[in-house]
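Visitor: The primary structure of each chain is shown beneath.
Number of protein chains: 2
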Amino acid sequence: MDKIVRVNMTDLTTRTEAAPAAWTGLGGRGLTSTIIAAEVPPRCHPLGPNNKLVFAPGLLTGTLAAQSGRLSAGAKSPLTKTIKESNSGGTAAQQLAKLGIKALIIEGHPTTEQWHRLHVTADGVSFETADDLAGRNNREVIAAMNEEYGNKVGVLTIGVAGEMRMAAADISVKDPDQNIRSHGRGGLGAVMGAKRVKCITIEDPGAAKVPVADPEKFRAAAKIFAKTLLDHPVSGQGLPIYGTDVLINILNEAGGLPTKNFRFGRCPHHDAISGETMHDVIAERGGKVKHGCHAGCIIQCSQIYTTESGAFLTSGFEYETIWGLGANAMIENLDDIAECDRLMDDIGIDSIEGAVMLAVAMEAGVIPWGDGKECQRVLRDEIGKGTPLGRILGNGTSSVGRAYGLVRVPVVKDEGIPAYDPRSVKGIGVTYATSTMGADHTAGYTVATNILKVGGYVDPLSKEGQVELSRNLQIATAAVDSTGMCIFIAFPMLDIPETFTSLIDMINAQYGLEMTADDFLKMGKTILKTEHAFNQGAGFSKAQDRLPEFFNYEPVPPHNAVWDFTDEELDEFWNF
Amino acid sequence: MDKIVRVNMTDLTTRTEAAPAAWTGLGGRGLTSTIIAAEVPPRCHPLGPNNKLVFAPGLLTGTLAAQSGRLSAGAKSPLTKTIKESNSGGTAAQQLAKLGIKALIIEGHPTTEQWHRLHVTADGVSFETADDLAGRNNREVIAAMNEEYGNKVGVLTIGVAGEMRMAAADISVKDPDQNIRSHGRGGLGAVMGAKRVKCITIEDPGAAKVPVADPEKFRAAAKIFAKTLLDHPVSGQGLPIYGTDVLINILNEAGGLPTKNFRFGRCPHHDAISGETMHDVIAERGGKVKHGCHAGCIIQCSQIYTTESGAFLTSGFEYETIWGLGANAMIENLDDIAECDRLMDDIGIDSIEGAVMLAVAMEAGVIPWGDGKECQRVLRDEIGKGTPLGRILGNGTSSVGRAYGLVRVPVVKDEGIPAYDPRSVKGIGVTYATSTMGADHTAGYTVATNILKVGGYVDPLSKEGQVELSRNLQIATAAVDSTGMCIFIAFPMLDIPETFTSLIDMINAQYGLEMTADDFLKMGKTILKTEHAFNQGAGFSKAQDRLPEFFNYEPVPPHNAVWDFTDEELDEFWNF
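Top to bottom, those sequences are chains V and Y.
The first sequence: position 457 = 457 (the working numbering), numbered continuously.
The second sequence: position 415 = 415 (the working numbering), numbered continuously.
Chain V on its own, in the form it takes in the complex (with noise of 0.2 Å):
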């Protein structure tokens, strides 16, 4: 049975529920958002006692198919203000559907100031104290959960950060190689934090799948599904390679690499932090060049990336991460812009989101541009440790525009734009502009027709066709994003009909359903609507849906480009 677990941490109670009927054939993002927008008040306070932090896996978590390990969580973000899901590999997800929790909802508010932490069996929702975790890093409570419950415990939990409700906080998840993902985007820690819940801990009954009502189609469709991510030249061999940052010299190439702030579109030292790079040293200091977020990935874009000794450095290590501290914020050397990643990762910041933060903080004439030695200190002493500087830089890219009064602030929303000019990648624009979650790149990523040729091709530079390819995307990805699979399935989805297909063929043959690839997009529909919905009640409207004004007068080079897009344009987005 599908079970809903309810933690309520006003009166420290678990409530277990079967999955109402209206939730069939709804998991990962699409469970989310429909649970945030039918339990909480859109105008409520992030951080107050109505707003709820939802975990979901995905329709297809838990089964063989590849890729399909991805976790969602949802809340109304305490940075964007709006409706949120971020999903992250690790193994939580798997785990949560061997235990048939369709969603866990932690609701309510703490009366006290006790740390709490969730440990979670088949026996149901315990709670422990964690008074003793409060204060330390990600990998150190990763540390105390393996040696309380061994290695193979899930993990979910939150830095200093999170336990200090900033807004740019993100939520661990521990990986099948005890290391970090994250629910990166939109401060969902410091909704964790304002819970006081310091750590969820899982463990699952064991090596028992999820079941499946028609076992033989789901295995055939699975087959055909991973051929087809293994066959397309991205998820087989771009990914796999170089991983994400295989991105940097092609961004770059394309004038889109968001340099010094947003100031140009091509970075001098982009040979120094690209994926071509990363890989040499990765395989020279006998690093991981590849590396899978959770069990059954096989396009293995993740890496370990360690120090020039072979001591772990960092792992899910990616292009946004890297563009951020190495272009945007002008730091040449990988090593420094690693142990940054690996900083963020431990106090439990989004290395988007901090790395987009940094750069405007040298704006602000705080930290020296490029200075990644100062940005390790202000990660560590300042933010790690609470204080007024580390406040203000944990509360990201506008929390820093806003104290030093400046006016070149990347974000939308409030959330710091990602690694794609949108002047020059005007698909991204669009989606940066109208998607429900803020500035969010992998809400309806254009790059793949834009820059990659992916899917097609629409011209970076014209206006022309954008709205539409935004649109597509983003409705395609609501819908991918409820089933558990990795984002990165879209660009053989986008080129080969049998990716397609088969990932319909699975949910059809877990559920003993006959849904079709029109019934799949108009999930991604409804997702996108429920959100949006939820956000007009949060009080904002289409005139929010804009990219931040300097856009509009400041060229890029090297194309010169500015951000054009008329009103009416953009607002077009919404007519489907």
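Any given hint could be a false lead.
It does not matter which identical chain is used: a pair holds within one copy or between any two.
Dumping the calculated DSBU-like pairs for lysine-lysine here, alpha-carbon to alpha-carbon at most 30 Å [stated by the list, open to error]: (1) Lys542 x Lys525; (2) Lys3 x Lys223; (3) Lys260 x Lys385; (4) Lys542 x Lys529; (5) Lys373 x Lys385.
Honestly, the hints are just simulated from the structure, not real lab data.
Once you have looked at the hints, place chain Y on chain V.
Guide: Below, chain Y alone, put in the same frame as chain V:
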């Protein structure tokens, strides 16, 4: 001829234009809001090149009408992101009016780091360097300008808070006694700082009044008008004797005096900070109990508050500031409160926003409750020096709440809620929620009718009649704010028919018009709608016309009242 003077900070040019016909009959807030709505893109960055800062004397300013010396300042607010009008006493309004300047518009964006000051005379506006004034506080600036031009020079100046573009920064205006009045609310000092205008000096042509079409009719009306002000118990007795601080005991008695960051509705040490106590202290020390903020003020609600030894400490020492520091931040010593007020005037922080913010900083644990000396230290050494903590505090209440992840943060549209608990004075709650300005009590001062029983009586604890009361007052206030009149003419206006008729008579006599009372209120409605449309363009929807959530679920003693308006009830406000 009525002149519009434009100062362009991009190319350091000025231009004088005849006021366009469409602006005839507009002054003060009506004019600033019309200009901002017409010329400033609603989505622009308040500190960027497309915002404008507009100063406009009222329609009657510069005449012999009592109370007519208020100056309106308007811009898109860096604090609320709404359109903003903030009006102030001082000498500048009358001086601009005598120069025939209907509006002074500062536009464009400086291309260098240089500080400027503007010198306004009958010959136009000249640019002077102000690098020598940068980093200096308002009193020093006034002293320096007095030295340069003599004591009669008009001065508008920003302190270091405005230089640092802090969202709580105000614009100071020199009063007839060389002291400070303020365009307090909405952070307009940050807009002036972003334009890199440190101060504006005005030399008027001497004793001449502005031209009046029918001087005899004007004089007759002005006499009636003045008499009604003196006849009314609030404007004729309460305010002159005790200042606005007369409200401490009244609001305490009513249970609407927010105490300890809006936890309680009564303050145990209300006597120590009351208007009655202040009156006695001032009288005993030989300060000035009565004092006007501009020539022609006959209410004289201001005062000169001195130290025990008789040295000047502060003036324009208002109820809202004393409430915020005394009751809400629990500072029991009136001298400590006065020193905070003096410091806020000097560094250029709105003393309402500053006071509300300090209580939230206490909530955050940054300052001990009631510690007046520590408040003085943070004002002087943190905000005044732009430290990271100072940046958090200097950006206002909402900034502090965000930085420390707090939930009990009394703001509407990011502006601190002043002095009257909306749960137990429900009419003012409607004003806070619906005003185009954020949480401005002066936008529709229902306290008059809810508490002082002026203009009838509407039970402050009942929802009934509050929306209509707030609507009527907001409409009338928008019109009154256009006349250059001090808001306190509202008291007699609500009770004595001749106040209103003589006000209209004066406007008609001055301009040769035949405006009716209906026309006057129609002007108020038009102003509100113009402002509302701007805000909608900036992204505000009715779902933002709400109070913070904690007012809904935290009952406030002694009445244990909660904020219980439905969305539909509040949305009725705009049905006119």
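Visitor: Which of the numbered hints are not met once you compare them with the structure shown?
Guide: Every hint satisfied by this model.
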